[in-house]
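Start from the sequences, fold in the hints, and give me the full structure.
Respectively, the protein sequence lines represent chains A and B.
With positions in the first sequence counted from 1, the corresponding number in my numbering is that position plus 82.
With positions in the second sequence counted from 1, the corresponding number in my numbering is that position plus 82.
Among the hints, a few may not be true.
Chain copies aren't distinguished; within one or between two, either way the pair holds.
[Unchecked claim] Once the Cα atoms are required to be at most 27 Å apart in a straight line, the calculated DSSO-like pairs of lysine-lysine come out as:
id, residue 1, residue 2
1, 338, 123
2, 292, 351
3, 105, 231
4, 235, 292
5, 235, 386
6, 123, 235
7, 196, 235
8, 105, 196
9, 110, 235
10, 231, 292
Treat the hints as calculated values from the structure; they're not laboratory data.
A quick note: this is a predicted structure, and the numbers were derived from the prediction, not measured.
2 protein chains.
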Amino acid sequence: MTNQSACPQNLTFDLEAYLQARKAIVEKALDQSLAMGEPAKIYEAMRYSLLAGGKRLRPILCLASCELVGGTIEMAMPTACALEMIHTMSLIHDDLPAMDNDDYRRGKLTNHKKFGEDIAILAGDGLLSYAFEYIAAYTREVDPNAVLKVIAKLGHTVGATGLVGGQVVDLASENNPDISLETLEYIHTHKTGALLEACVVSGALLGGAKEEELAGLSRYAYNIGLAFQIIDDILDITATQEELGKTAGKDVAADKATYPRLLGLEASKAKADELIEGAVAEISPYGDAGIPLQALAQFIANRKN
Amino acid sequence: MTNQSACPQNLTFDLEAYLQARKAIVEKALDQSLAMGEPAKIYEAMRYSLLAGGKRLRPILCLASCELVGGTIEMAMPTACALEMIHTMSLIHDDLPAMDNDDYRRGKLTNHKKFGEDIAILAGDGLLSYAFEYIAAYTREVDPNAVLKVIAKLGHTVGATGLVGGQVVDLASENNPDISLETLEYIHTHKTGALLEACVVSGALLGGAKEEELAGLSRYAYNIGLAFQIIDDILDITATQEELGKTAGKDVAADKATYPRLLGLEASKAKADELIEGAVAEISPYGDAGIPLQALAQFIANRKN
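The structure is reproduced here in C-alpha cells:
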C-alpha cells in the first residue's frame with residue numbers, strides 16, 4: 083500500500099510529460115490504423131473526426147491499465163485505437179441534426195456539417211465496425227479468449243446496454259430539467275462512464291488481469307467516469323467557449339438537467355472530488371505501479387476542458 | 083462429384099420444407115437473442131426491425147455453409163443471428179431520410195417512420211455493436227481464433243471496405259443513370275455481395291473449413307450475391323408492390339442505374355443464370371452434402387420477391 087502524499091516517487095512523476103508522450107504514440111497509431119482508401123470521401127470523413135485531436139484519455143487509460151497488471155503497450159494498442167474509434171463514432175452520431183444538432187466539436191465543424199448527414203451516419207457506422215475488425219485482426223501476443231472478452235465488453239458498452247441506452251434516455255429527458263438524480267446518473271454512467279470503464283477493464287483483460295483485480299479496476303473506472311461527467315457539467319457553466327472548443331453554456335440554454343442544477347455548484351464539486359478520492363484508493367494496492375492511473379484520475383478532476 | 087440432374091437424392095430434397103424449417107429455428111433464435119430490456123423504446127425499435135420477417139437467407143446460408151464443412155448448427159447460430167442484426171442495421175440506416183428516404187420496408191413502416199430518426203439511428207448502432215458482442219460472448223465449441231477471424235471478416239464486410247463503401251458510391255451515383263457497369267458492380271458487390279459472402283465464409287470458418295475450401299465457397303458466395311442483386315433490379319421492373327412488400331418501380335422513378343437498364347432485361351436474366359450456374363458448380367465437389375447450398379443458389383435465381 084502506498085500513501086500517495088508520503089511517497090517521494092509521486093513527486094517525480096511528471097503527468098504532463100507522461101500525457102504528452104502517450105498522446106504522441108496514440109496519435110501515430112491512430113493515423114496508421116486508418117489509412118486512406120476508396121471511396122476517398124468516406125475515409126476522409128472517418129479520418130477527419132478520428133484524427134481531430136482531443137486528449138486521447140480513453141486510449142491512454144487502456145494502455146495504462148494493461149501496463150498496471152503486467153501487460154505491454156503493444157498488447158493493448160489495437161484496442162486503445164478501437165476505443166477511440168468507438169468514442170469518435172458516438173460523437174459523430176450524437177452531433178447529428180436528429181440528435182443533439184451540434185455544429186462544432188473540438189473547435190471544428192461537426193462531421194455532418196463538413197461532409198453531409200448521409201456521410202456522417204456512414205462514417206460512424208464505418209468506425210464502429212472497423213473498431214471490432216481492428217481488435218480481432220491486429221491484436222498480438224494475447225490469449226484469443228481474452229480478446230473475445232474485450233470484444234464482448236466493447237459491444238456491451240456501445241449498445242442499448244451502454245452508450246446507445248444512455249443517449250436514448252438523454253434524448254427523452256431533453257427540455258425536462260426536473261429529472262431525478264437517478265435518471266441523470268443513468269445517463270452519465272451509460273453515455274460516458276461505460277466507455278471509460280471499458281477502457282480500463284479491456285486494458286486489464288489484455289494484460290492478463292486476475293478476476294479479483296478486474297472488480298477494483300472497474301470501480302476505479304466507474305468513479306472517474308462519473309466524476310468526468312460531473313466536471314463536464316461544471317465546465318459548461320464555468321468555462322468559456324474558447325477553453326472548451328465547443329459551445330459553452332449549452333446545458334443552461336437547453337434547460338438541461340445537470341449536476342450543478344440538481345445539487346448546486348459546490349456540492350457537485352465535492353461529489354466529483356469524493357469520486358476521484360475513491361478511484362485513487364482503488365489503485366493504492368499497486369503501489370508505485372499505480373501512479374499513472376492515480377495521476378490520470380486527478381487530471382480528470384482538475385481539467386479545464 | 084455429383085451431377086445434379088442425374089442424382090436421385092436431388093429429387094427428394096424439398097427446398098421449400100428445408101427453408102421453412104430453417105427459417106423457423108432462425109426466427110426463434112433471433113427472438114431469444116434480443117430480449118426486451120430498458121430503455122424499452124430502443125429494444126422495441128431494434129426488435130421491430132430485427133423480427134420483421136424476411137426470408138432469413140443470410141443466417142440460413144451461414145448455417146448451411148457451417149454444416150457443409152462438417153460443423154453444427156449450434157456452432158454457427160450466434161453468428162447467423164449476428165449476420166441478420168448487421169443486415170437489419172444496414173436496412174434501417176439506408177432507409178433514413180438523409181439516405182434513401184424510404185417509408186416502407188417488408189410491407190411495414192420503416193424504423194424511423196415508426197420510432198423517429200434519432201431512435202432509428204441508435205437502433206442501427208445498437209444492433210451493429212450487439213452483433214459483435216453476441217458472436218464474441220455466445221459462440222460455443224469453436225476455436226477462439228476462428229471466432230476472431232469471423233469477427234474480423236464481419237467488421238470488414240460492414241465498414242468502408244464493404245456495405246458502407248457500397249452505400250457511399252450508391253449515394254454518389256444517385257440521379258446518374260449513366261454510371262459504368264464497373265461502378266454498378268462495385269455498388270452491388272459491396273452493398274449486397276459482401277454480406278452474403280461473409281455469411282458463407284463465416285459459416286465455413288466456424289465449421290473448421292480448410293484454407294482451400296474457403297476460396298471455392300467465397301466464389302460461390304460472390305456469384306450468388308451478384309445474381310441476387312441483378313434479380314433485385316429485374317424484380318423492381320417486373321414485380322408488383324404487393325409481391326415485393328416495398329415500393330416497386332422505384333429505380334426507374336429515381337432514374338437509377340440498374341442491370342436491366344445497362345444490359346437490357348434479357349441479358350440481365352442471362353447473366354444472373356450464368357452466375358448461379360457457376361455457384362452451383364463450385365459446390366459440386368461436396369456431392370450430396372452440397373445439395374442445400376446448390377438449391378439455395380437456384381432459389382435466389384427463381385425468387386419472386
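Going through the hints against the structure:
no.: 1; hint: 338 to 123; in the structure: between (35 Å within a copy, 21 Å between copies)
no.: 2; hint: 292 to 351; in the structure: neither (34 Å within a copy, 60 Å between copies)
no.: 3; hint: 105 to 231; in the structure: within (26 Å within a copy, 30 Å between copies)
no.: 4; hint: 235 to 292; in the structure: within (16 Å within a copy, 30 Å between copies)
no.: 5; hint: 235 to 386; in the structure: neither (30 Å within a copy, 41 Å between copies)
no.: 6; hint: 123 to 235; in the structure: between (31 Å within a copy, 23 Å between copies)
no.: 7; hint: 196 to 235; in the structure: neither (32 Å within a copy, 30 Å between copies)
no.: 8; hint: 105 to 196; in the structure: within (25 Å within a copy, 43 Å between copies)
no.: 9; hint: 110 to 235; in the structure: both (25 Å within a copy, 25 Å between copies)
no.: 10; hint: 231 to 292; in the structure: both (13 Å within a copy, 26 Å between copies)
Against the hints set out earlier in the document, violations occur for numbers 2, 5 and 7.
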